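*Asks:* Here are the chains, one letter per residue:
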Amino acid sequence: MSVITGLGVVAPNGFGVKEFWAAALAGRSGIGVLDRFDASASPARLAGLVRLETERLLPSRLLTQTDLSTRLALIAGECALEDAEVDLADFTDYDLGVVTANASGGFDFTHREFKKLWSRGPEHVSVYESFAWFYAVNTGQLSIRHGMRGPSLALVAEQAGGLDALGQARRTVRDGVPLVVCGGVDSAFDPWGWASHLAGGRVSLDPDPATAYRPFDVRACGYLPGEGGALMILEDPAAAAARGARVYGEVAGYACGFDPAPDSGRPPALRRTIELALADAGVEPGQVDVVFADALGLPDADLAEAQALCAVFGERGVPVTAPKTLTGRLLSGGGPLDTVAALMSIQEDVVPPTFGTAVVPGEYGLDLVLGEPRRARVDTALVLARGRWGFNSAVVVRAVQNGS
Amino acid sequence: MNRRVVITGMGVRAPGSPGKEAFWELLSAGRTATRRITFFDPSPYRSQVAGEVDFDPAAEGLTPRQVRRMDRATQFAVVAAREAVADSGIDLSAHAPHRIGVSLGSAVAAATSLEQEYLVLSDSGRDWVMGTDHLSPHMYDHMVPSIMPAEVAWTVGAEGPVAMVSDGCTSGLDSVGHAVALIREGSADVMVAGATDTPITPIVVACFDAIKATTTYNDDPEHASRPFDGTRNGFVLAEGAAVFVLEELEAARRRGARIYAEVGGFATRCNAYHMTGLKADGREMAEAIRSALGQARVDASQVDYINAHGSGTKQNDRHETAAFKVSLGDWAYRTPVSSIKSMVGHSLGAVGSVEIAASLLAMAHHVVPPTANLRVEDPNCDLDYVPNTAREHRTDTVLTVGSGFGGFQSAMVLVRPDRRTA
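From first to last, the protein sequence lines are chains F and A.
Under numbering that gives the first Met the number 0, the first residue of the first sequence carries the number 0, and numbering increases by one thereafter.
Under numbering that gives the first Met the number 0, the first residue of the second sequence carries the number 0, and numbering increases by one thereafter.
Simulated from the structure, these hints should not be mistaken for laboratory data.
Incorrect hints may appear among the rest.
Unchecked claim - Here are the simulated distance ranges between beta carbons:
#1 Gly-130(A) - Arg-50(F): 45 to 51 Å
#2 Ala-240(F) - Glu-184(A): 22 to 28 Å
#3 Arg-60(F) - Gly-255(A): 54 to 60 Å
Said to hold, decoys possible - In the DMTMM-like style, the derived pairs of lysine to aspartate or glutamate whose C-alpha atoms are separated by at most 20 Å in a straight line are:
#4 Lys-324(A) - Asp-381(A)
#5 Lys-313(A) - Asp-381(A)
#6 Lys-114(F) - Asp-126(A)
#7 Lys-211(A) - Glu-122(F)
#8 Lys-324(A) - Asp-298(A)
#9 Lys-115(F) - Asp-395(A)
#10 Lys-114(F) - Asp-40(A)
#11 Lys-324(A) - Asp-383(A)
#12 Lys-17(F) - Glu-84(F)
#13 Lys-114(F) - Asp-37(F)
#14 Lys-115(F) - Glu-114(A)
#15 Lys-278(A) - Asp-92(F)
#16 Lys-17(F) - Glu-81(F)
#17 Lys-114(F) - Asp-122(A)
#18 Lys-115(F) - Asp-126(A)
#19 Lys-324(A) - Asp-303(A)
#20 Lys-17(F) - Glu-347(F)
#21 Lys-115(F) - Asp-40(A)
#22 Lys-313(A) - Asp-219(A)
#23 Lys-313(A) - Asp-377(A)
#24 Lys-114(F) - Glu-114(A)
Remember, it's a predicted structure, so these values are computed and weren't measured experimentally.
Backbone N, C-alpha and C define an ideal beta-carbon position, used for all residues, glycine too.
I would like the entire structure built from these sequences, with the hints used as guidance.
*Replies:* Have a look at this one:
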């Protein structure tokens, strides 16, 4: 068992859990027009953008050696530790672990180094390139910054990886590590990264920020990519109780599964993944109060997710929501950010709506929370994430009585 | 659940090694497979030596469509995975697909494809903003490389947990360690796990040039990788892949599988010190070793062979030697230690798995592969590194370790399942 005691959010619509949560309830969006380079010729220009002056939040030594994605991860990590009000000096160094998911590495940074190599020559490539680029960079930099020497890992599973990081962090706590920083943060909005996002073929070309990403809507036409994510502090419950920590909830269940090969004709893995996560948590479908959906925003994928949910919960059997329409899909950051929203729903007994989506096809059979926040008792929430090529991950978070 | 996990199949693609037999022949002969880079003109680069794999995807059974869509590292992984499944003799159709998983490691993933793509999109580096008129549908797959384990999953029909572990140069140990954890806890019964990397491309060569981590013995490529040697001056970049079939012990026994080894213990620690630097004392690696030995219930004096990280950088070999002394005490001096990187170079995220393969073969043959190119003493490296010639040696228990950028330190203990007290 493991509990979440700190939340660090760097989202397009909010820095810190408070700002993010207020935005999620009020419908404040972080979607904007990409303005970091001249994208005027691009068929799509909307993205979830984090507007943070990272230069003011990190020492210059770290700025020179890091991509924007790593800067955001370092800021999120610090934010989560502050939120947890934890004094790391109370831990021995091997009792602190780091598990992050990553999907695109230090892409902007490495683009600049490719440019230097090919326009000026190999001697101009940065001494930091070898470690600013690779997918383990956020785990490594967080470990160094906070003196965390325990078991650590970096995972890649496109959009699903962030939930896998929570699952792995829970495993790490179970194996005896009292505190693990976990989650995911991504960013790749340099010109090459942007072109790669578009090459994926699923980005919405609708130029209206209010409607471009509207999952489960009859007019769903793709998603918007975003940047940022969330890191959180996962602790052994006894250790958390011993230091009197505030507990947002527990990671009660986790599972992942993989879709069959595209031409196999076999059913997708999402339904089974949900069932395994609920079983892992010891929770019946009827005990789940809300589902934070993956919500890809393409009709086929939306239908497939709706079918899995109906199969497990029954038609309109559980409130479903997707606050990610205000941030875009954050790759490894998406699952952790949804988990933050789920934990806040548990704190405040309110479900944030899916802004942007208006008309849900009846055959989806979904009780999608639309328009405004819905008051409801929330003790248990299911968070879903699907990664391109077939990754499915599910996390169950549940309320814990403080002090018990 | 606390199940025991064994390795029953392997597939290897390493320099000079199309498959496990050729791989072992190379290692046991102490032959080196490092050469002057042929994939591109290396003359503008500081380090011009690499361990290249002669790989013909068509001859390896990949279709033209697969070759078009897969990065070279993915091709290696798929081929090695097929070979591992065949080698294990396992009938995967006897298992429910959702009980089969994949754990694949890679440090720089689709670097080769990214660089090729970059050159086209940027007009060979002239443009900063890239046109979006003629985007390859595979660009996204290269930016977000979790398609690599996906391809392996499709190849073997896995629908259980599928993971990509990307811990830099310990990825190849950590991915197998991750697979072991998943079987132990009951999340899967069979894992196809290993690692792949094909980093011999200008950007990767240049980024190691920039920090002088790679060798400059450009005039003597066959003797450029010199782990533990007094004249070592950096590692030799390489490519490769190794993939394994891991199973729960009792299931493997029931089907009469040939068992290479049980993964008795695995642990990872971080040094929280520097993204590329290592402290000389080896403290964190020693802690990972102690933890892995403890899980395996193996005393230091039972370690028959240490398959070292032995990258051939000044700092690594000293750091590692210290870690062995701290964790094994006097036994560090009495057990053979060797680095196969002296022969096949350093394939970054793949190498941990390639070294597991070497360790399993050492156990199978009771022969310890040598450290090639070891001629000049270094007072900081004073263990028995099995210089230049393989050695017959009873090998029932192997410790294999890895160390990488980001501060990752990993250790795995391989044992014979019948020898371990349960």
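*Asks:* Compare the structure with each hint and give your call.
*Replies:* Comparing the hints with the structure gives:
For Gly-130(A) and Arg-50(F), the Cβ-Cβ distance of about 27 Å falls outside the hinted range of 45 to 51 Å, so the restraint is violated. Range check, Ala-240(F) to Glu-184(A): about 25 Å between beta-carbon atoms, so the 22 to 28 Å window is met. In this structure the hint that Arg-60(F) and Gly-255(A) lie 54 to 60 Å apart at CB holds, the actual value being about 58 Å. Distance hint between Lys-324(A) and Asp-381(A) is fulfilled; the C-alpha atoms sit about 10 Å from each other, no more than 20 Å.
Annotation: proposed proximity of Lys-313(A) to Asp-381(A) holds, straight-line Cα distance about 14 Å (limit 20 Å). The suggested pairing of Lys-114(F) with Asp-126(A) holds, with an alpha-carbon distance near 8 Å, which does not exceed 20 Å. Taking the CA atoms of Lys-211(A) and Glu-122(F), the gap is about 11 Å. The hint holds against a cut of 20 Å. This hinted pair checks out: Lys-324(A) and Asp-298(A) have alpha carbons roughly 14 Å apart, not beyond 20 Å.
For the suggested pair Lys-115(F) and Asp-395(A), the alpha carbons sit about 50 Å apart, so the restraint of at most 20 Å is broken. The straight-line distance between the Cα atoms of Lys-114(F) and Asp-40(A) is roughly 19 Å, inside the 20 Å bound, and the hint therefore holds. Under the criterion of a C-alpha separation no larger than 20 Å, the hint pairing Lys-324(A) with Asp-383(A) is consistent with the structure, at around 12 Å. Using a Cα cut-off of 20 Å, the hinted pair Lys-17(F) and Glu-84(F) holds, with the two alpha carbons roughly 15 Å apart.
Note on Lys-114(F) and Asp-37(F): the hinted pairing holds, with a Cα-Cα distance of about 17 Å set against a maximum of 20 Å. Distance hint between Lys-115(F) and Glu-114(A) is fulfilled; the C-alpha atoms sit about 13 Å from each other, no more than 20 Å. Among the hinted pairs, Lys-278(A) with Asp-92(F) is consistent with the structure: their alpha-carbon atoms are about 16 Å apart, no more than 20 Å. Among the hinted pairs, Lys-17(F) with Glu-81(F) is consistent with the structure: their alpha-carbon atoms are about 13 Å apart, no more than 20 Å.
With a C-alpha separation of about 11 Å, the suggested pairing of Lys-114(F) with Asp-122(A) holds against the 20 Å cut-off. With a CA separation close to 11 Å, the supplied pair Lys-115(F) and Asp-126(A) stays within the 20 Å bound. Distance hint between Lys-324(A) and Asp-303(A) is fulfilled; the C-alpha atoms sit about 15 Å from each other, no more than 20 Å. Pair hint Lys-17(F) plus Glu-347(F) holds up; C-alpha atoms about 12 Å apart against a cutoff of 20 Å.
Of the pairs offered as hints, the one joining Lys-115(F) and Asp-40(A) holds, with about 18 Å between alpha carbons and a cut-off of 20 Å not exceeded. For the hint linking Lys-313(A) to Asp-219(A), the alpha-carbon distance of about 19 Å falls within 20 Å, and the restraint holds. Taking the CA atoms of Lys-313(A) and Asp-377(A), the gap is near 10 Å; set against the 20 Å cutoff, the hint holds. Between the alpha carbons of Lys-114(F) and Glu-114(A) the distance comes to roughly 11 Å, so the proposed pair stays at or under 20 Å and holds.
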